Amino acid sequence: MRLGDIAHARAGDKGDISQISVIAHDPADYPRLAASVTVGQIARHFVDLPAEAIDRYELPALGALSFVLHGALDGGVTRSLALDIHGKTLSSQLLDLEIDDGCTP
Amino acid sequence: MRRGRNTIRIGAGAGFSGDRIEPALELVEQGDLDFLVFECLAERTIALAQDARRRDSSTGYDPLLIERMRRVLPAAHQRGVRIVTNAGAANPLGAAQAVAGLARDLGLASIRIAAVLGDDVLDIITATPFALVDRSGSTTDLAGIVSANAYLGAAPIVDALAAGADVVITGRVGDPALFVGPLAHAFGWRLDDAELIGRATVIGHLLECAGQLTGGYFADGYRTQVEGLARLGFPLAEVDADAGAVLTKVRGSGGRLGIASCKEQLLYEILDPAAYHQAEVIADFTDVRFTEIGADRIRVSGGSGRARSGLLKVSIGYDDGFIGEGQISYAGSGAAARGQLAIDIVRERLKIIGAAVHEVRGELIGVDSVSRVTQRGGDPREVRVRIAARAADARAAVTIGTEVEALYTNGPAGGGGVTRGVRPVVAVASALIPADLVKARFEIVEA
Chain A
1 MRLGDIAHAR
11 AGDKGDISQI
21 SVIAHDPADY
31 PRLAASVTVG
41 QIARHFVDLP
51 AEAIDRYELP
61 ALGALSFVLH
71 GALDGGVTRS
81 LALDIHGKTL
91 SSQLLDLEID
101 DGCTP
Chain B
1 MRRGRNTIRI
11 GAGAGFSGDR
21 IEPALELVEQ
31 GDLDFLVFEC
41 LAERTIALAQ
51 DARRRDSSTG
61 YDPLLIERMR
71 RVLPAAHQRG
81 VRIVTNAGAA
91 NPLGAAQAVA
101 GLARDLGLAS
111 IRIAAVLGDD
121 VLDIITATPF
131 ALVDRSGSTT
141 DLAGIVSANA
151 YLGAAPIVDA
161 LAAGADVVIT
171 GRVGDPALFV
181 GPLAHAFGWR
191 LDDAELIGRA
201 TVIGHLLECA
211 GQLTGGYFAD
221 GYRTQVEGLA
231 RLGFPLAEVD
241 ADAGAVLTKV
251 RGSGGRLGIA
261 SCKEQLLYEI
271 LDPAAYHQAE
281 VIADFTDVRF
291 TEIGADRIRV
301 SGGSGRARSG
311 LLKVSIGYDD
321 GFIGEGQISY
331 AGSGAAARGQ
341 LAIDIVRERL
351 KIIGAAVHEV
361 RGELIGVDSV
371 SRVTQRGGDP
381 REVRVRIAAR
391 AADARAAVTI
401 GTEVEALYTN
411 GPAGGGGVTR
421 GVRPVVAVAS
431 ALIPADLVKA
441 RFEIVEA
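Chains as they are written, first to last, in the numbering used here: chain A, 1 to 105; chain B, 1 to 447.
Derived from the structure by calculation, the hints contain no laboratory data.
Check the hints yourself; a few may be wrong.
Unchecked claim - No more than 20 Å apart at the CA atoms, straight line, and that leaves these computed lysine to aspartate or glutamate pairs for DMTMM-like: (1) A:Lys14 to B:Asp320; (2) A:Lys88 to B:Glu67; (3) B:Lys313 to B:Asp272.
What the hints assert, rightly or not - Just so you have them, the derived chain B footprint on chain A, three or more residues with Cβ under 8 Å: (4) 17–27; (5) 32–41; (6) 46–53; (7) 66–80; (8) 83–89; (9) 92–99.
Keep in mind the model is a prediction, meaning the values are calculated, not measured.
Where is the CB? At the ideal position from N, CA and C, for every residue including glycine.
Isolated chain A (complex conformation) (with noise of 0.2 Å):
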């Protein structure tokens, strides 16, 4: 299954920075969440994006984890080469992520 069947997401940048939070739709599956999203799948998945550091919050009360992407942004909006100059499409490809369905045989 995807990081999209259980959660969804939202991205925003500051500066060279991209902040992506990932929020289970139901809080019961924030477990689940926290154990299938780490920092190292977050760097797996966005093969094409030069992060130089990822940051990972926990925030249980809210059933999310929001990770900060350092130097992510190709030196952020003011002076991006990209189409994309704030990352906001980061957020709808990480929940294209695949994660473990949960189930146990």
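Since the structure of chain A is provided, determine the placement of chain B on it from the hints.
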């Protein structure tokens, strides 16, 4: 606060400078508001505005401000709704004078408009080196600086409202302060009460992007359906004296104010959710909770704060050369292959002619222009080539478009729909400076 009511109603009338105008009018006419806020100043907007002001000293504020006010001010004036906006950009006083002129033209009597000043710290950061926070070096190392603006807090907005301003126009202030200011004024809050101002910052942060809270940006059209997106209503908060709040929107407006979009907005662009730095507080959002108490009614609880850092963030705009760009489309079988060939040709051409450009970026819109994940293959029916590069001067930047356009007759086969352009780059760097160096104040302009 209106008679017989113990809450303040504050609405978000714009989430960025180009935002729709009717939702703000809807809020004024049907939201029973005390205050309406227009957030119109993105990170780089003020640098571009400063650039405009250098050429014409009467400009430098949000070009849409006057149209926004023309549509909203009469209704706001009639109902006693006070307006706060950061649309002053690089020239809040000029903006206040222009709005005063508009008010006179509209026949609106005795409106007091305050311009909040003091965020311009260009002299300070060019006289003394302050370390840049996002790279090595200091403020005095930056060449071509066009603007430097400190993120002010709510204090000058509170002062301007206390002086009887009906409209408060600021330049750079922290976005939540546009909401914290009116609330602190109405309830008489102390701005050094970190717990309280931390909670108020939660409310301001949730509202400041307007339509991003009411479900439009949450809707994806298949997994998450939201009705009425073309008539998306903007949010308002009913706030009590302890900075508890209920978020809602005008009945009958489009969109949906639900917990999911509130959670998205809470975490949006704040970096560390336990330490959201504002001029008057370091807010902590980690224990914020949302409860649905009715249709399009969400109660916000929690949130806290601790004492301010004593430092203010400064955004510094500086000239950073030019970006040249060209685009061309290919369709039918092998479209992507021809698009890639076109990119290779232009790269080689730029070398042959010795174009003074660097960081040449070639991509296929529809394949890999915004996607940052592994491609899944397939042969798209059409692609659009996009080539962009940096140049120190505009003439060199033009060569990108020239070389893309030359693909029309020189191939590959079947290229169509060339567009091209050059734009100057005003980049932004950041620094932190001691808050006591910044003297925020306001001036009143009478209409």
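Now the hints, each set against the structure:
1. Restraint check: the Cα-Cα separation between A:Lys14 and B:Asp320 comes to about 19 Å, which is no more than 20 Å; the hinted pair holds.
2. This hinted pair does not check out: A:Lys88 and B:Glu67 have alpha carbons roughly 28 Å apart, beyond 20 Å.
3. Distance hint between B:Lys313 and B:Asp272 is fulfilled; the C-alpha atoms sit about 16 Å from each other, no more than 20 Å.
4. Here's how the segment 17–27 of chain A fares: 5 of its residues keep a CB closer than 8 Å to some CB of chain B, so the rule of at least three is met and the hint holds.
5. Chain B is given as covering the segment 32–41 of chain A, and this is violated because 0 residues of the stretch bring a CB closer than 8 Å to a CB of that chain, at least three being needed.
6. Taking a C-beta to C-beta cut-off of 8 Å, the segment 46–53 of chain A contributes 4 residues in contact with chain B, enough for the three needed, and the coverage statement holds.
7. Counting residues of the segment 66–80 of chain A whose CB lies closer than 8 Å to any CB of chain B gives 7, which reaches the minimum of 3, so the coverage claim holds.
8. Residues of the segment 83–89 of chain A lying with their CB closer than 8 Å to a CB of chain B number 3, which satisfies the three-residue condition for coverage.
9. Counting residues of the segment 92–99 of chain A whose beta carbon lies closer than 8 Å to any beta carbon of chain B gives 3, which reaches the threshold of three, so the coverage claim holds.
Hint violations for this structure: numbers 2 and 5, all remaining hints satisfied.
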